[in-house]
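K.L.:
So the sequences go chain by chain: A and B. Using my numbering, you'd call the opening residue of the first sequence number 1 and step up by one each time. Using my numbering, you'd call the opening residue of the second sequence number 275 and step up by one each time.
Certain hints may be false.
Partial list, computed: chain A residues near chain B (C-beta under 10 Å) [unchecked claim]:
#1 Ile-33
#2 Glu-203
#3 Pro-271
List of simulated lysine-lysine pairs, DSS-like, C-alpha gap at most 27 Å [to be verified]:
#4 A:Lys-225 / B:Lys-443
#5 A:Lys-169 / A:Lys-31
#6 A:Lys-64 / B:Lys-338
For the record, the hints were derived by calculation from the structure and aren't laboratory data. In this text the structure is predicted, and so the values were computed from the model without any measurement. Glycine included, each C-beta is placed from N, C-alpha and C at the ideal position.
Number of protein chains: 2
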Amino acid sequence: MSEGNNVEIICVGNELLIGKTVNTNAHWLAKRITVLGMKVRRITVVGDDLDEIASAVREAISRKPRFIITTGGLGPTFDDKTLEGVALGLNLRLEENEEAMRMIREKYERYYAEGRINSCEMTPHRVKMGRLPEGAKPLPNPVGTAPGVLLEHENIKMIMLPGVPEEMKSIFDESVAPMIREASGNLTFYEASLDVRNLPESELAPMLDVVMHDNPYVYIKSHPKRSEGTSHLELHFSTTSDDSKVAKKRIERAILQLSEMIKKKGGAITPVKD
Amino acid sequence: MSEGNNVEIICVGNELLIGKTVNTNAHWLAKRITVLGMKVRRITVVGDDLDEIASAVREAISRKPRFIITTGGLGPTFDDKTLEGVALGLNLRLEENEEAMRMIREKYERYYAEGRINSCEMTPHRVKMGRLPEGAKPLPNPVGTAPGVLLEHENIKMIMLPGVPEEMKSIFDESVAPMIREASGNLTFYEASLDVRNLPESELAPMLDVVMHDNPYVYIKSHPKRSEGTSHLELHFSTTSDDSKVAKKRIERAILQLSEMIKKKGGAITPVKD
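The task is simple: from the sequences and hints, build the whole structure.
P.N.:
Okay, structure coming up:
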């Protein structure tokens, strides 16, 4: 895959670094981005710290991906520092964004009208969510208060999403997925898995070498299900193409060739359904 | 916490970047390292690619943590590239390590004696697991074949662990946890959580500012349970100390102060049991 298809994910949050929270946001994003035809090159997790956020952003930019997507740190509390960190990393000022302020004000007015909050006053902590790096655009948040943020920098689309999974997913699906699909030129990712028993990974390894050599567009990875001695593993086949028939044929051919080699050595195979 | 307490985690594996696998290894390690009194500063995920592994390692080293722990990529297949990537990053040669070769040979001889594999011959793919960066030491793998690896570089302890969770955990507990505990000087991490309802995060935010200011050793982070409008969140209190009584008192004092402020504003509080 060309460098031009790369995406980087940066997750911000101390809760990820102290092992309080499993990083399901990175997993969800990686899967969606892959299926939409782009390639996640790196995932970086940093804490709620301005310098850490700024340096992670600068390092990602230096690798020139097409997209950088951040999660977390957009809310109203003192430790929501992502926009300030991005601004620091790119040497931009934060400024009150009129459109973002309108989105936030409308949300609080609605919550107030519904009796869910005591006041819809735009306090400093609420205004904070509408202070974006200069040149950025807010992305509507269909289920929460803090808008997502889009910032174009050196031909890289930077997208900042909230850390609450429902909010992150709904902004992604509504505003980000269409951009990624367009950038990938409708490439799609195809995959299939085989469950293999009675053959240890070290005996399978030379077979993979042969089949990968004969099927250069198919990537095969073996995932031992427990320790090697138990001889149970999953083989994952994947390829990327703009033609689903071509992709399917590639994967079928690789599976057929490898299956015959495995059976000859006494291994047992079953396809894995997702 | 001082820079001297920093740990970096590098996870290697395409399956993490395509969203096939949730990174539970990073979560488990982050929690264990935190409880053992050290601080995880960054988690980096890269694919099964020599240059990516090498650059992630070099970048981590430039930040001078006490430990760098990698997961994944130690097995017998072509895409197990971590040791080669580390060697490339540090400009070291790979060489057959006598102790590692003995560990691996003994495992295959046992599997063969138990009838689990067809041959205990040391094939090139099996020898590969015993080729370590020069100067490295193998760490026994109580449940699998590939040994863990310890390499000291510029006062940084680099530890390479397998990606299979059972193997990663058992090498960590047996060989790595004692090193981390010693390095932390028996510091320990303490935490507590409160469940807060009927108070939106934006109204809580200024209270957190006050309580964090008055309790400088306690870190408080708010985790909205869904979108802000629903006014349900978890407050997580944490501190690090070598004295459990001091730590407990610090957290209790911060919880008491914040609870009173929340109740005055009509919020409802319950402690969270893990």
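K.L.:
All the hints need checking, so say for each whether the structure fits it.
P.N.:
Hints, one by one, checked against the model:
A cut of 10 Å between beta carbons decides the hint on Ile-33 of chain A: the least distance to chain B is about 8 Å, and the hint holds. The interface hint given for Glu-203 of chain A holds, since its Cβ lies 7 Å from the closest Cβ of chain B, which is under the 10 Å cut-off. Nearest Cβ of chain B to the Cβ of Pro-271 of chain A: about 16 Å, over the 10 Å cut. The hint is violated. With a C-alpha separation of about 15 Å, the suggested pairing of Lys-225 of chain A with Lys-443 of chain B holds against the 27 Å cut-off.
Restraint check for Lys-169 of chain A and Lys-31 of chain A: satisfied, since their Cα atoms lie roughly 12 Å apart, inside the 27 Å limit. For the hint pairing Lys-64 of chain A with Lys-338 of chain B, the CA-to-CA distance comes to about 25 Å; that is within 27 Å, so the pair holds.
When each numbered hint is compared with the structure, a violation occurs for hint 3 only.
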